[in-house]
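**Student:** Chain by chain, the residues:
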Amino acid sequence: MPNAIDLRGVTKRFLTPSGSVYTALRDLTMTVGDGEFCAVVGPTGCGKSTTLALISGLEPPSEGQVEVFGKPVKGIADGIGYMFQADAVFPWKSVLENVAAGPRYHGLSPRSARDKARDWIARVGLAGFEDRYPYQLSGGMRKRVALAQSLINGPRILLMDEPFSALDVQTRSLMENELLGLWAASSASVVFVTHDLEEAISLSDRVFVITAGPGTVKSNYEVDLPRPRNVAEIRFQPRFTEIYEEIWEDLKDEVLVSYERQKQSGAA
Amino acid sequence: MLNIQLLRVLFAVIILGGWQLGAQVSDCNTAGHVCVVDKFFWSQPSDIAQKLWAWITQGTDLGPIWVQVFVTMQETIGGFIVGSIFGVIFGVLLGRSRLLADVMGPYIKAKVATAAILVFFVVFFNAFQGVREVDRNLIANARILGARDRQLTTEIIIPSALSWIIASLHTSFGLALVGAVVGELFGATEGLGELIYAAKNNFDAAGVFAGMALLAAIALVAEALITALETRLIRWRPPVATETRI
Numbered sequence: 001m002p003n004a005i006d007l008r009g010v011t012k013r014f015l016t017p018s019g020s021v022y023t024a025l026r027d028l029t030m031t032v033g034d035g036e037f038c039a040v041v042g043p044t045g046c047g048k049s050t051t052l053a054l055i056s057g058l059e060p061p062s063e064g065q066v067e068v069f070g071k072p073v074k075g076i077a078d079g080i081g082y083m084f085q086a087d088a089v090f091p092w093k094s095v096l097e098n099v100a101a102g103p104r105y106h107g108l109s110p111r112s113a114r115d116k117a118r119d120w121i122a123r124v125g126l127a128g129f130e131d132r133y134p135y136q137l138s139g140g141m142r143k144r145v146a147l148a149q150s151l152i153n154g155p156r157i158l159l160m161d162e163p164f165s166a167l168d169v170q171t172r173s174l175m176e177n178e179l180l181g182l183w184a185a186s187s188a189s190v191v192f193v194t195h196d197l198e199e200a201i202s203l204s205d206r207v208f209v210i211t212a213g214p215g216t217v218k219s220n221y222e223v224d225l226p227r228p229r230n231v232a233e234i235r236f237q238p239r240f241t242e243i244y245e246e247i248w249e250d251l252k253d254e255v256l257v258s259y260e261r262q263k264q265s266g267a268a
Numbered sequence: 001m002l003n004i005q006l007l008r009v010l011f012a013v014i015i016l017g018g019w020q021l022g023a024q025v026s027d028c029n030t031a032g033h034v035c036v037v038d039k040f041f042w043s044q045p046s047d048i049a050q051k052l053w054a055w056i057t058q059g060t061d062l063g064p065i066w067v068q069v070f071v072t073m074q075e076t077i078g079g080f081i082v083g084s085i086f087g088v089i090f091g092v093l094l095g096r097s098r099l100l101a102d103v104m105g106p107y108i109k110a111k112v113a114t115a116a117i118l119v120f121f122v123v124f125f126n127a128f129q130g131v132r133e134v135d136r137n138l139i140a141n142a143r144i145l146g147a148r149d150r151q152l153t154t155e156i157i158i159p160s161a162l163s164w165i166i167a168s169l170h171t172s173f174g175l176a177l178v179g180a181v182v183g184e185l186f187g188a189t190e191g192l193g194e195l196i197y198a199a200k201n202n203f204d205a206a207g208v209f210a211g212m213a214l215l216a217a218i219a220l221v222a223e224a225l226i227t228a229l230e231t232r233l234i235r236w237r238p239p240v241a242t243e244t245r246i
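In order, the protein sequences belong to chains R and E. Residues 1 to 268 (my numbering) make up the first sequence, in order. Residues 1 to 246 (my numbering) make up the second sequence, in order.
Wrong hints could be hidden among the right ones.
[Said to hold, decoys possible] Stretch by stretch, here's where chain R covers chain E in the computed footprint (C-beta under 8 angstroms, at least three residues):
hint : stretch
1    : 142-154
2    : 196-204
[To be verified] Covered stretches of chain R (chain E as the covering partner; in silico rule of three or more C-beta atoms under 8 angstroms from a C-beta of chain E):
hint : stretch
3    : 100-107
4    : 198-212
None of these hints come from the bench; they were simulated from the model. Note that CB positions come from ideal geometry on N, CA and C, so glycine has one too.
Could you put the whole structure together from the sequences, leaning on the hints where they help?
**Tutor:** In structure tokens:
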């Protein structure tokens with residue numbers, strides 16, 4: 001049984017507009033098992049989002065191999081769902097058309113795509129909002145649209161880039177619980193990027209700590225908290241605190257390095 | 001709201017009334033008399049209204065007034081449509097293709113002034129910029145969801161660029177009108193431009209202003225139509241306060 005995701009010795013360099021080379025990731029190796037929920041934490045600017053872009057095929061690696069279910073990634077593959085950090089729902093499409101876009105692009109007839117979309121809209125709790133445009137929805141509701149949009153194609157891999165970071169705390173834990181429910185009902189492997197260690201631990205089976213940029217995997221921790229979980233309450237468990245302290249010891253140094261660098265570049 | 005409307009009417013009354021009053025009290029042909037508004041150059045609102053009425057009821061020297069309006073509108077709308085269509089096509093094409101943009105770029109910069117070409121450049125640059133400004137996240141999202149190139153263009157790029165394109169139509173219709181009228185000034189037998197030109201040659205200031213009033217009316221109606229088109233096509237945009245819009 002191949003792993004869901006294999007990144008082996010991956011380096012990613014970008015050409016900045018000023019012409020210099022920026023290394024986002026250096027020699028990064030990580031493995032995500034089939035059906036596993038992984039969180040990736042690290043300081044700002046450590047290349048967390050770049051990792052997702054490589055797995056999705058939006059960006060090719062400069063060096064190293066990226067494999068999804070044992071096959072090298074060449075361009076955008078089928079079976080990937082991606083929730084972006086910024087709002088990426090289409091503002092000129094209604095909720096229904098937004099969610100139906102994926103199936104339609106995959107060749108479903110408009111009618112059956114819409115039927116499928118209605119079902120998913122109900123599953124993320126937006127029934128009755130089918131005809132609204134995104135500007136008429138709250139931030140949390142737009143995230144629900146994005147969630148339905150990325151799950152409707154039945155992805156085997158779901159990539160999430162700080163999807164809930166813009167939400168208020170209450171809406172956020174509500175959405176996190178719903179995400180866990182939807183994930184449990186699917187068999188998808190998840191890579192969840194966040195800078196929030198609490199969120200990472202409460203959601204995932206495994207936490208990868210990424211170093212301050214250029215990013216590489218510093219360590220990874222298994223989270224052996226029982227499921228199903230309630231993210232609003234799991235943080236009161238003693239085991240949660242233990243895991244948190246252990247990972248924080250590791251993450252703290254990287255955050256400090258990144259902070260020092262920002263201060264220096266700010267002073268320069 | 002009511003007060004704003006009232007103030008608007010008041011503003012028009014003051015301007016037109018002042019103009020009329022200034023012309024009435026002036027005697028610019030006799031030395032030593034008050035001369036605020038010289039009727040020879042500026043006419044006065046009542047004469048302009050009379051002139052307009054005469055054109056409508058008795059026709060102009062060039063023929064019925066509706067024919068003149070029709071001719072100018074035909075030229076304007078023709079130029080507007082041809083310019084817009086080519087502007088959108090070229091703008092989207094060049095916006096989508098880096099190679100085309102690099103090859104054609106230098107040639108696009110030379111401008112020539114006729115209605116169609118004026119419109120073309122305004123619409124072209126807006127369509128081009130609109131395509132360039134499309135949110136990268138939206139494109140990435142559509143590609144992940146399985147959109148092919150053609151779907152990217154029709155479902156993401158064009159809708160996104162549409163607000164730029166329509167915004168440019170507001171400006172470019174005015175330019176089309178200017179282009180058509182300027183074209184008529186340089187030798188035509190019909191049209192509002194020719195009508196104004198003929199009035200000018202006859203030292204008929206009221207005729208000149210009456211022609212300009214007609215042009216302004218056309219521009220206002222066109223603006224209202226374009227705004228209606230905009231609200232219809234861009235329903236998905238949050239309604240913004242358009243109270244300051246003319």
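**Student:** With a Cβ-Cβ cutoff of 8 angstroms, does the stretch 100-107 of chain R contain at least three residues near chain E?
**Tutor:** holds (count 4)
**Student:** Please verify the coverage claim for the stretch 198-212 of chain R: does it have three or more residues whose C-beta sits within 8 angstroms of some C-beta in chain E?
**Tutor:** violated (count 0)
**Student:** Given that the stretch 142-154 of chain E was listed as covered by chain R, double-check it with a C-beta distance under 8 angstroms for 3 or more residues.
**Tutor:** Holds, because 8 residues of the stretch 142-154 of chain E bring their Cβ atoms closer than 8 angstroms to Cβ atoms of chain R.
**Student:** For the stretch 196-204 of chain E, do three or more residues have a beta carbon lying closer than 8 angstroms to a beta carbon of chain R?
**Tutor:** Violated: only 0 residues of the stretch 196-204 of chain E have a Cβ under 8 angstroms from chain R.
When the structure is compared with the earlier hints, violations turn up for hints 2, 4 and for no others.
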